[in-house]
Amino acid sequence: MATVILAILIFGSAAYVIWSRYLKKDRKPACDGCHDVGCPLVAAKDAKHGEHLNS
Amino acid sequence: MTSMELALAGNPNCGKTTAFNALTGARQYVGNWPGVTVEKKAGYLKHNKKVTLQDLPGIYSLAPYSPEEIVARDYLIDNRPDAVIDIVDATNIERNLYLTVQLMETGLPIVVAMNMMDVVKKQNKQFNLDKLAYGLGVPVVSICALKAQGLNEATQRAIDAAEDTDTQDRYPLYDKRFEAAIGEIEDVICQQVPYDRKRWFAIKLFERDTKINEQLTLTDEQKIELEDIIRTAEKVFNDDSESIVINERYAFVTRIVNLAVVKKSDFSLSTSDKIDRVVTNRFLALPIFAVVMWAVYYLSIQTVGTLGTDWINDVLFGQIIPNTLTPLLASWQVATWMQSLILDGIIGGVGSVIGFLPQLIVLFVCLGILEDCGYMARIAFVMDRLFRKFGLSGKSFIPMLVATGCGVPGIMASRTIENEKDRHMTIMITTFMPCSAKLTIIALVAGAFFPTSSWVAPSAYFVGIFAIVASGIFLKKTRLFAGDPAPFIMELPTYHMPQFMNVARQVLERSRSFIKKAGTIIFASCILIWLLSNFNFRLQWVSEGKSMLAAIGAVIAPLFAPLGWGNWRATVAAFTGLVAKENVVGTFGVLFSHAKGLAENGQQIWPLLRATFTPAAGYSFLVFNLLCAPCFAAVGAMRREFGDVKWTMTAVTYQCSLAYLVSFMIYQFAHWLLEGGAFTISTGIAFAALALCVYALGFMPKRQQPVAELSTAQS
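Listed in order, the protein sequences are those of chains V and C.
So in the numbering used here the end of the first sequence lands on 1087, straight run, no missing numbers.
So in the numbering used here the end of the second sequence lands on 721, straight run, no missing numbers.
Think of the hints as simulated: they come from the structure by calculation, not from any bench.
There may be inaccurate statements among the hints.
Stated by the list, open to error - Pairs of lysine-lysine, BS3-like flavour, derived with a Cα cap of 27 Å:
#1 C:K204 / C:K217
#2 C:K153 / C:K241
#3 C:K229 / C:K217
#4 V:K1057 / C:K56
#5 V:K1057 / C:K652
#6 C:K652 / V:K1056
#7 C:K522 / V:K1056
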C-alpha cells in the first residue's frame, strides 16, 4: 500500500512538472531564474493599461 | 483620485529600476551597468494601488536610433502617461539634463528626481535645487534610490503635476530665431496634431525626423513650406537642422547648470577616477581581472563554499537522510524498487545537485559584490579594448555579463545591439560564458579530478572568454558576419560600497531559483533517468549495464571516445544537460548511486569519476559541457531572438562543433603530454585541427562585405 501511495505521489509530481513546464499551453517562461529575478521580457500582466503595455 | 499612470525615465544606469523596485515592491533585476532594462515594465505603487508605474529602458535621447529609444519614445508620445518622473544622475548632470529637456519638449508633466546626491557631495559639488527647479520650470526633488529616500515625495509631486489642470506650457525656451522657426512649423501642422504635442512634432519635423514625417499626412505645399522654414533657419544658424536643435538644447542645459551647480573643485580626480587609473589601465586591467576571478572561484569552489558543500554531501545526503529514510521505508514495507527510486534516484540525483548550493551562494555573493560596486561595468570597458582588436564590439560583452547568471536574459540582452550581424553573433556566442547552472559541472570536475589545483575552476571562466574571442575573430571573417564592429559608448558608474540589500536580493533570488529548479526539472529528470537506467526495453527490472539507458548510451558513446570520455554514463550525462545543465551532475548522482559503499561516503561521485576518467578526460568533459549547446530554455530564447529556426540550428551546430573540437584537442594534447599517453592517429588529427584553427584565426583572409550591404549601411 505504501508503495502505491509513494508511486502515485512521486510519478504524479514528475508528470505534473513535465506537463506544467513543457506541455501546458499557458506555461510559465521556461527559465525560472529569469522569471523570478526579472527577465527583461516579462511583461507586467496586471498593469492598468494592459493593452498598450504589450503592444 | 482616479487611476493614473506614471513613467520612470532617465539615462541608462541612473537608478530607475532601483527606484521602481523600491516604489512597487517588485524584484526586477538591477544591474550596475547600462542596458539592463530593454523593455518597459509596469507595477503598482506600494502605497497607492491606483497608480501604475512604468519603468522605461534607459535612454540618452528620444531619437529613434536604438531599440530602447524607440520603446521609450513610442510609449511617451503615443500612450501619454499622466506624468513622467525623470531620474537624473546628479554626478553626470549635463548629459542627464539633455534628456530632461527632450522629455519637457513632449509636453508631458515632468518631475525631476535628482539621484546620487550623496556621491555629488563627495565630488565637491553643490546643487541649488530651487534654482534648478526655477530654471527648468518643473518640480525638482532630491532622492536616493538605493536607500529609497525621497521617492514617495517624487511620486506625490508627479501625481500633483498630473492633476494640475493649469495647462501652461512647460517647454524649455531656446534662441528666439529658433523659436520663430518652430512657431512657424507649429502653425503649419496645428490642424493635424493635438495642442500639447505640437511643439514635439514641430521640433522633430525641424530635425527632419523621417518617422514623424511618415506619421503625418502633409500635403506637398505644406512639405515645401516646412522645407523653406528649415532651410532658412539653417542659413541663419549656418548649420544643419539636427545640429541646431542639439546646440540649442545643450545651450539651455549649460545655462541651467551654470545657474544651479556650484563646483568647488573641477580638476581634482575623484576616488573612482583614481581607482580606474589602475583597474582599467591598459596593461594591468586584464591581469587584475584574472586575479579577481581566480579569487572569486577560489573562495567559492576551493575554500569557503566547499565547507558547506562537504557538509551537505557527507552529512545531510550522505548520512542523515539515507539513515533516516532507509529504516522508515523498510518499516512501511515499501517495495525494493521503490526504495531504490527514492534513495538512488531522487536522493542520489537531486541531492548531488543541491550539494553545490553553498558553493553557488558564495559565488553569487562574490559576483553580486563585484557587480554592485561597479567593477563588472569596468570589465565591459576593458573587454571592449580587447574585443575591438578582433573586430567585436564591447557592446557584446554586456549580454555576456548578464549570462554569468543565466543564459536566457543574456541572450535577450543582445537586443541592445543595433547592428544585426553583431547581434546575431552575440546571441550565438553569449552562452559560452559559464552560467550558474554550469558551475555545478565546474565544481564537480574541479573537486573530483583537481582537488588541490585552484586554477581549474577560474579557467572555466577564461575558456568561455577565449571561446568568445576566438569565435569573434573567426566568424567576423565569414560572409555571414563580415563588417566593422559598431561603436560602443558606455558610461562607467561611480564606484560605491556594495549595498547589502542589492547583493542579498540577488543571492536570495538566484539560490531560490536553483532550489526550485532542483525540486522540479531536476527531480523529474532524475526519476526518468532512474527508470531508464533500471529497466530494459521489455520493462523488466535489470542491472544498470543491461538497461535502456546503457543501450542508448553505448550507441552514442563511441562518438565521444576521442574526447577521452567515451563512457555511456558520461555520454548520457552530457545529453541530459540539454534539459538543464545541473542534470549533468544529477545524472552522475543517479547512475553512480548504484555503486557499492556509496552511503558510507558522502562525496560518492568523486572517487567513482576518478576511477572512470583520467584528469585530461575530466577537463575535456568540462570544456565540452561549457561550450556545447545550452539548455532548452536558452535554445528557445535563441530561437525567439533570431526569429528563425535556420539561424538557431546554425548557432547550435556551431556551438556543438566548437565544443567537440576544443575538447578533442585538449584531451589529445593533455593525454599525450601530461599523462604519458601514446602518440596515436587521433593525436595527429588534433595537431592538424590545431593548425587549421591557427590558420582560421590568424591567416584566413577576411570576406569582404557585399557592396549592396555596404551602400545600405553607409546610407
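Given the hint that K229 of chain C pairs with K217 of chain C, test it: the Cα-Cα distance must not exceed 27 Å. holds (15 Å)
Checking one constraint from the list: CA of K1057 of chain V to CA of K652 of chain C, max 27 Å. Satisfied? holds (24 Å)
Pair hint K522 of chain C and K1056 of chain V, alpha-carbon separation not exceeding 27 Å: This hinted pair holds, its Cα atoms lying about 18 Å apart.
Mind checking the alpha carbons of K204 of chain C and K217 of chain C for me, to see if they're no more than 27 Å apart? holds (15 Å)
Taken at face value, is the distance from the CA of K56 of chain C to the CA of K1057 of chain V at most 27 Å? violated (32 Å)
K153 of chain C paired with K241 of chain C [C-alpha distance capped at 27 Å]: violated (51 Å)
Quickly compare the C-alpha distance for K652 of chain C and K1056 of chain V to 27 Å and report which way the hint goes. Within the cut-off at roughly 26 Å; holds.
In this structure, the hints that do not hold are numbers 2, 4, in rising order.
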